[in-house]
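**Student:** Residues in the sequence shown are numbered consecutively from 1, following this note's numbering.
I should point out that these hints are in silico values taken from the structure, not numbers from a laboratory. Hints may be right or wrong, so weigh each one.
[To be verified] Here are the computed lysine-lysine pairs in the BS3-like style, where the Cα-Cα straight-line distance is at most 27 Å: (1) K94 / K302; (2) K32 / K302; (3) K253 / K28; (4) K7 / K94; (5) K293 / K31; (6) K228 / K111.
Here the structure is a predicted model, which is why all the values come from computation and not from measurement.
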Amino acid sequence: MRNNKQKIIVICGPTASGKTDLALQLAKELKKANILSVDSRQVYQDLDLITGKDIPLDLPSGIKVFGHDIFAPDERANLADFVRYSQTLIKNSKSSNTPLIIVGGTGLYLKALTQNLSNISIPPNLLLREELEKLPLEKLQKLLQRESLEKFSSLNRSDLMNPRRLIRYIEISRSKTVAPNINISTEDTSFYWIGLLPDKDTLKASIHHRVLERIEQGAIDEVRALLKKYPDRSLAIYTSLGVSQIISFLEGKLSQKQLIEEWTNAETDYSRRQIVWFKKQPGIVWYDKSTDKTLLVSQLKKIYQ
């Protein structure tokens with residue numbers, strides 16, 4: 001990196017689109033690189049197969065992957081915790097002159113790292129949460145609409161149907177805390193956004209293959225161990241895609257064929273929501289399956305030179 005301004009490539013896109021593979025290809029070309037995985041569930045320990053921590057064990061010594069296994073499954077971690085963790089890595093990468101590649105599909109986390117989002121460091125109000133968790137979805141929606149019409153009007157369908165997010169938005173609207181800025185200074189950093197977008201059939205086939213692969217590798221046993229070690233099903237880990245389907249299978253409510261079908265459908269639905277979200281974000285350069293990956297890696301490598 002020739003000048004003092006840090007250059008960071010952000011590889012985004014839906015689940016199973018090949019983001020991690022591209023990041024690893026680029027890192028190997030660079031010989032030395034840090035990769036930051038931005039996934040709201042990969043931050044938790046004991047969820048390797050379910051969340052797809054697909055990192056080879058034989059990585060070259062100059063390549064390091066961060067963002068996995070930061071928190072115990074029973075920790076109440078949030079976006080602000082992840083931003084603080086990432087902020088340290090971004091600064092350390094710059095001071096050591098190590099190229100940093102950010103890769104992930106959790107849009108809000110990526111946005112928080114690259115833009116100045118407010119309110120992410122407002123602490124949770126546990127008493128308020130306990131009270132709000134007793135309310136049905138419709139009442140939470142009406143309450144947020146009354147508390148903050150502006151926020152309510154900005155939400156997409158996924159947000160409106162998610163009680164956990166609605167509770168957080170209500171919590172923020174009632175908070176008297178002035179949130180400190182914990183974001184990265186964009187004056188010192190340039191972010192180059194790359195989006196991967198396979199066609200629908202290719203993406204669904206990739207998702208189906210990955211579900212089969214995870215089951216074969218032991219995802220069912222992973223969830224069984226999780227239930228034994230962490231019985232509190234209100235933990236965030238139990239909202240991970242595939243977990244509820246495997247629990248239903250373990251309880252005899254689904255056959256293995258139904259498990260595979262429902263898990264695949266859940267991942268496919270999630271990928272659609274990811275695409276809708278990312279398509280609304282400006283500045284992303286999109287690539288589809290026709291893209292020559294070798295040529296793309298060569299072009300991306302030049303950004304760091």
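**Student:** Hint by hint, say whether it matches the structure.
**Tutor:** So, going through the hints one by one against the coordinates:
no.	hint	in the structure
1	K94 / K302	holds, 17 Å
2	K32 / K302	holds, 14 Å
3	K253 / K28	violated, 45 Å
4	K7 / K94	holds, 9 Å
5	K293 / K31	holds, 17 Å
6	K228 / K111	violated, 35 Å
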